[in-house]
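**Student:** Take a look at the letters that make up each chain.
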Amino acid sequence: MNKDLISKAASRRLNEVRERLIKLDPQRFGEAGPFVASVKETLGEARAAGAPVRHALSESRDWAEAATDCLTSLRMLSLQSDHATQPAPYQPAGEFFNRLQAKIVARQNVFELLAERYRWPLNFSFPAEGEVRETVLMRLLTADRVRVEKASIDALNADDLLLKLNLVAVHACATTDLRFLDALNYYYELLPATPYSESQHPWLLVSWFALYVRALSSWS
Amino acid sequence: MRIGILANSLPAALSIYREAQELPGTEVHVLLAPVSGNSKLSVHVARFVAKSGRRQSLSLIGRRALVHFRKPFDHPETIARLKELRLDVGLHKSGNIYRRETIACFQHGILNAHIGILPGYRGRSVVEWSLVQGDPTGISVFFLDEGIDTGKRIVLSETVDVSHCRNVAEAKQYLFDLDATFYRRALALLQQQPAFRSNDGSGRRYYVMSKLFQEVAQENLELLRRSRIAPDL
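Listed in order, the protein sequences are those of chains A and B.
Count along the first sequence from 1, then add 20; that gives the number in the working numbering.
Count along the second sequence from 1, then add 1; that gives the number in the working numbering.
Think of the hints as simulated: they come from the structure by calculation, not from any bench.
One should not assume that every hint holds.
[What the hints assert, rightly or not] Straight-line Cα separation of at most 25 Å, SDA-like style, residue types lysine to any residue; simulated pairs:
id, chain 1, residue 1, chain 2, residue 2
1, A, Lys23, B, Ala231
2, A, Lys43, A, Glu209
3, A, Lys23, A, Asp197
4, A, Lys23, B, Ile149
5, A, Lys23, B, His165
6, A, Lys28, B, Gln134
7, B, Lys212, A, Ser237
8, B, Lys173, A, Tyr206
9, B, Lys173, A, Met158
10, A, Lys23, B, Ala170
11, B, Lys212, A, Val130
12, B, Lys173, A, Leu210
13, B, Lys153, A, Ser237
14, A, Lys170, B, Arg64
15, A, Lys43, A, Ser238
16, A, Lys23, B, Arg123
17, B, Lys153, B, Phe177
18, B, Lys153, A, Ala104
19, A, Lys123, B, Arg205
[Unchecked claim] A few chain A positions that, by computed beta-carbon distances, are all more than 10 Å from chain B:
id, residue
20, Ala29
21, Arg33
22, Ala203
All residues carry an ideal CB built from backbone N, CA and C; glycine is no exception.
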């Protein structure tokens with residue numbers, strides 16, 4: 021693998037994503053405005069200081085329990101803040117995976133299901149969750165992608181799509197498997213840069229961008 | 002060995018037909034069906050008259066090697082006729098994904114010439130992904146199942162140098178155009194009853210690639226080209 025070429029490409033994209041992020045208006049995000057402003061500030065300050073973006077998220081060796089929910093955890097991770105977790109017993113994905121598959125086959129949203137299992141989003145990177153990761157990646161790059169390409173993001177539930185992208189971004193920060201980073205590259209090129217009108221959690225766009233920056237910085 | 006080339010158009014099947022029929026002990030048929038909906042033989046005839054390979058196409062019809070189906074390969078009407086043909090091996094050249102019932106119409110199964118090295122590279126954009134990750138490009142001929150490049154029996158898997166190609170699209174076309182040669186070699190191996198290599202699922206499934214990484218693939222190909230032209234640089 022020619023890491024130098026990948027690094028240059030990642031650096032180019034990193035700057036583009038930062039630019040896109042910095043142009044976002046926090047006031048368009050309602051109650052999440054302060055969070056959006058904080059992300060802009062964190063990434064803007066890092067760029068101004070020439071400081072590297074903090075990217076160190078390692079693949080989860082332990083299944084962890086966060087004191088909070090998935091969406092709050094995503095906000096914290098995208099602000100690059102530390103977050104206390106406790107090791108917790110691993111619940112095998114079997115039954116969850118079957119439910120996920122059933123919803124996917126029935127073309128139903130998986131937002132609630134994913135948000136419940138990945139209250140601590142780094143658990144998505146836990147080694148035994150490989151089958152789930154492959155399923156989410158496949159869904160993003162096949163059926164979801166085709167629907168967006170044939171119609172627009174309005175053809176999908178924006179929150180459902182953005183949560184998947186956030187989880188994939190978390191894993192992309194922790195893995196050397198380039199397929200996950202490239203799923204983010206692909207959607208960055210595919211989706212509009214502005215918040216989505218149908219979204220209940222429009223800030224998920226911002227946390228996705230912030231985590232994407234973090235993933236890119238681990239290669240740049 | 003009775004062989005059937007599964008195709009949606011005559012010109013697509015011709016080069017494979019030419020290669021396969023040169024193998025001793027083979028009887029080759031071109032199986033023509035629409036991707037979806039209905040098809041008329043007259044449409045295919047009109048299409049190939051306008052294209053190159055007309056003489057070969059006429060010769061093929063003259064030899065009664067052409068079997069035309071009105072319905073797609075997975076339609077019950079087509080499956081019933083495929084069974085009657087009692088074919089040993091199918092060669093995939095259509096735009097279809099086959100169901101189990103269609104695959105089962107061929108005694109040994111349906112071969113696919115995949116432009117990637119299996120078991121490592123399944124799915125789409127595998128030429129690009131091989132280039133990005135600095136792995137060899139190549140072709141694998143394997144027996145299809147209902148999944149995406151998951152058929153367990155690999156007949157032939159070989160690296161193919163694409164460093165002479167100017168861009169990734171040209172490299173892919175170069176590999177696609179080798180399908181007839183690789184099918185012929187795979188059929189020759191099958192006649193010798195080989196031990197199959199296992200497509201054991203150890204690789205990864207790949208998907209469409211972003212423009213950003215397509216540029217990286219192109220840059221990697223450029224480097225390969227330069228090192229081929231001037232190995233010391």
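**Student:** The structure should be examined with respect to each hint, and the outcome stated for every one.
**Tutor:** We went through each hint and held it up to the structure:
1. Lys23(A) - Ala231(B): 22 Å, holds
2. Lys43(A) - Glu209(A): 17 Å, holds
3. Lys23(A) - Asp197(A): Satisfied, since the Cα-Cα distance of roughly 13 Å is no more than 25 Å.
4. Lys23(A) - Ile149(B): Distance of about 29 Å is beyond 25 Å: violated.
5. Lys23(A) - His165(B): 23 Å, holds
6. Lys28(A) - Gln134(B): Between Lys28(A) and Gln134(B) the Cα gap is close to 15 Å, so the pair holds against 25 Å.
7. Lys212(B) - Ser237(A): 18 Å, holds
8. Lys173(B) - Tyr206(A): Holds - the C-alpha atoms of Tyr206(A) and Lys173(B) are around 21 Å apart, at most 25 Å.
9. Lys173(B) - Met158(A): Answer holds: Lys173(B) to Met158(A) is near 23 Å, not above 25 Å.
10. Lys23(A) - Ala170(B): 23 Å, holds
11. Lys212(B) - Val130(A): Violated, because 28 Å separates the two Cα atoms, which is more than 25 Å.
12. Lys173(B) - Leu210(A): 24 Å, holds
13. Lys153(B) - Ser237(A): Violated, at roughly 38 Å.
14. Lys170(A) - Arg64(B): 44 Å, violated
15. Lys43(A) - Ser238(A): It holds: about 23 Å lies between the C-alpha atoms, which stays within 25 Å.
16. Lys23(A) - Arg123(B): This hinted pair holds, its Cα atoms lying about 22 Å apart.
17. Lys153(B) - Phe177(B): At roughly 22 Å apart (the allowed maximum being 25 Å), Phe177(B) and Lys153(B) satisfy the hint.
18. Lys153(B) - Ala104(A): 45 Å, violated
19. Lys123(A) - Arg205(B): 24 Å, holds
20. Ala29: Label violated. Min Cβ-Cβ 5 Å, cutoff 10 Å.
21. Arg33: At about 6 Å from chain B, Arg33(A) fails to clear the 10 Å cut-off, so the statement is violated.
22. Ala203: Ala203(A) not clear of chain B: closest Cβ-Cβ about 7 Å, inside 10 Å.
The earlier numbered hints that this structure contradicts are 4, 11, 13, 14, 18, 20, 21 and 22.
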